[in-house]
Amino acid sequence: MEDYLKIAKNGLWDNNQALVALLGLCPLLAVTNNIVNAIGLGLATTFVLIASNTTVSIFRHHISKEVRIPIFVLLIAAFVTIVELLMQSYFYDLYLILGIFVPLIVTNCAILGRAEAFASKNSWDKSALDGLMMGLGFSLVLIILGAMRELVGGGTLFAQSSLLLGTLGESLSISVVDDYQGTLLAILPPGAFIGLGLIVAVKNFIDLKKP
Amino acid sequence: MRQVIYALVLGIGAHYYFFGWGVFLQIVLAVAVAIAVESTFLRIRKFPIKPAISDGSAILTAVLLAISIPSIAPWWLVVLGVSFAIVFGKQLYGGLGNNPFNPAMLGYGFLLISYPLQMSTWASEFLSLPQTLNVIFNSSPVDALSGATRLDTLKTQLALGKTTDEIELYSVAQMWINAGFLLGGLYLMIRQVIMWHIPTAFIMGVVVMASILSLSNHQFYIPPQNHLILGATMLGAFFIATDPISASTTPKGRLIYGFLIGVLVVIIRTFGGYPDGVAFAVLLMNIAVPLIDYYTQPRVFGQ
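So the sequence lines, in the order shown, correspond to chains A and B. Quick note: the first sequence uses the numbering used here, first residue 163, plus one each step. Quick note: the second sequence uses the numbering used here, first residue 901, plus one each step.
These are calculated hints, taken from the structure and not from any lab test. A portion of the hints provided could be inaccurate.
[Claimed, not checked] Facing chain B, from chain A, some residues (calculated, C-beta under 8 Å):
hint, residue
1, Leu274
2, Leu302
3, Gln343
4, Thr345
5, Leu346
[Claimed, not checked] DSS-like, lysine-lysine: derived pairs with alpha carbons at most 25 Å apart:
hint, chain 1, residue 1, chain 2, residue 2
6, A, Lys227, A, Lys371
7, A, Lys283, A, Lys227
8, B, Lys1152, A, Lys371
9, B, Lys946, A, Lys372
10, A, Lys371, A, Lys288
11, A, Lys227, A, Lys171
12, A, Lys227, A, Lys365
13, B, Lys946, A, Lys365
Bear in mind that the values here come from a model prediction, so they are computed numbers and not experimental data. Note that CB positions come from ideal geometry on N, CA and C, so glycine has one too.
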């Protein structure tokens, strides 16, 4: 039990892929201009992480050491294709917005990193949990960054929720500040870097405060 | 730092003569915000507050930013800009002496990218104190009293296909403002507050690049003499590029640094999306400073 708790804490906080390992920054910085995009990409990444971690772990004794990286990539690519096709059929508008960043999940170093560093050495149940926790930790950062950028950039939260939830989502959209002119910088790439830097700083600050 | 602020008086005076009280209001507001933000941040960082405020660096940053933005900009613009400049441009890097970028220009760049509309609406005539107060704090409509700068207009006109012979290349107000900053800059040079390298090289860069463009096709490109008296050329050359912290530190490096800023200013003005290029040119060359310094180390005597 203690092992599992440790895996969870590792994925969500201590070894958070976005804040500590600083992996997978390309999609992290590119699609976080609002919460809905962030949730979409976070869910997709989490699904791929769980699936690839589990499969890699199950087949870890049959994969020869010399060619393990290409095989991991093939496995990850297969799951990304599944996610891409699913999104294309159920969330077509969101799929169009995320665009190239869905297929690019294949090259997300966080996923390959977990396959190599964890799943190829541990049992399948631990690997699945590790995938889930790493994915959730990554999604959490995506969502916080998305919320920050959306709020500062346009004064809204959960805009375009209908892309994810259909008609139910339309009522979710909140306009926090009325008559807000918008701060373009937060929506543009520099805003993503500044925002991520601030989140990393807050995390380090909290870690330093702890004895 | 205090000498630099005194030297700005002539340019600010010219600004007042043509566009009214706005410039003073912006400066007062900016300085107040700068002192407040700087002391708050120093208190959080548990640093002594008094020496950092009395060295005048935060005040200079605020003054430079205040005279760079339109004098009729709404009050929140200057508050945001100065806060960004002090917090993100200076304190987060570790305070005075550690910032790789010119804080005032970082604040200006932030404002220009985020609020392009407010940042390109300039006063077009002398505004009295009540008028200015109304515009800055009530954000009352100012269409009749405002417009784009001469550089901005020139660019739009050239993009529409007009040639330089057909349009007004000249602005009396901007010429006098630039002259004011030139005189103030020369005073600083005589008092040896700033070295001659950067301003001279900056102006050379502007003249060389503008001449090349103008000689290649004088109908499409603004001639060099007009580049010198439009926009923020003189302010940039003498007061912004010479910031001792973010500029190059070796004599040869200063020449390269200033010259390339001048070249970039003309390139950004001519081909870029924004009307003036001084801020982005300075920021771009700030990034290059470590490289320039590395390759222009003077040889130690005797080696």
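Hints versus structure:
Taken as an interface hint, Leu274/A does not check out: its beta carbon lies about 32 Å from the nearest beta carbon of chain B, beyond 8 Å. The beta carbon of Leu302/A is not positioned within 8 Å of any beta carbon in chain B (closest approach about 24 Å), and the interface hint is therefore violated. Given the 8 Å rule on beta carbons, the hint for Gln343/A holds: about 7 Å separates it from the nearest Cβ of chain B. The beta carbon of Thr345/A comes within 5 Å of a beta carbon in chain B, closer than 8 Å, and the hint placing it at the interface holds.
Taken as an interface hint, Leu346/A checks out: its beta carbon lies about 5 Å from the nearest beta carbon of chain B, inside 8 Å. Among the hinted pairs, Lys227/A with Lys371/A is inconsistent with the structure: their alpha-carbon atoms are about 42 Å apart, more than 25 Å. Under the criterion of a C-alpha separation no larger than 25 Å, the hint pairing Lys283/A with Lys227/A is consistent with the structure, at around 12 Å. A hinted pair counts as satisfied when its Cα atoms are at most 25 Å apart, and Lys1152/B with Lys371/A does not qualify at roughly 46 Å.
About 20 Å separates the Cα atoms of Lys946/B and Lys372/A, which keeps this hinted pair within 25 Å; it holds. Between the alpha carbons of Lys371/A and Lys288/A the distance comes to roughly 30 Å, so the proposed pair goes past 25 Å and is violated. For the suggested pair Lys227/A and Lys171/A, the alpha carbons sit about 29 Å apart, so the restraint of at most 25 Å is broken. This hinted pair does not check out: Lys227/A and Lys365/A have alpha carbons roughly 36 Å apart, beyond 25 Å.
For the given pair, Lys946/B sits about 20 Å from Lys365/A by alpha-carbon distance, which is consistent with the 25 Å threshold.
Hint violations for this structure: numbers 1, 2, 6, 8, 10, 11, 12, all remaining hints satisfied.
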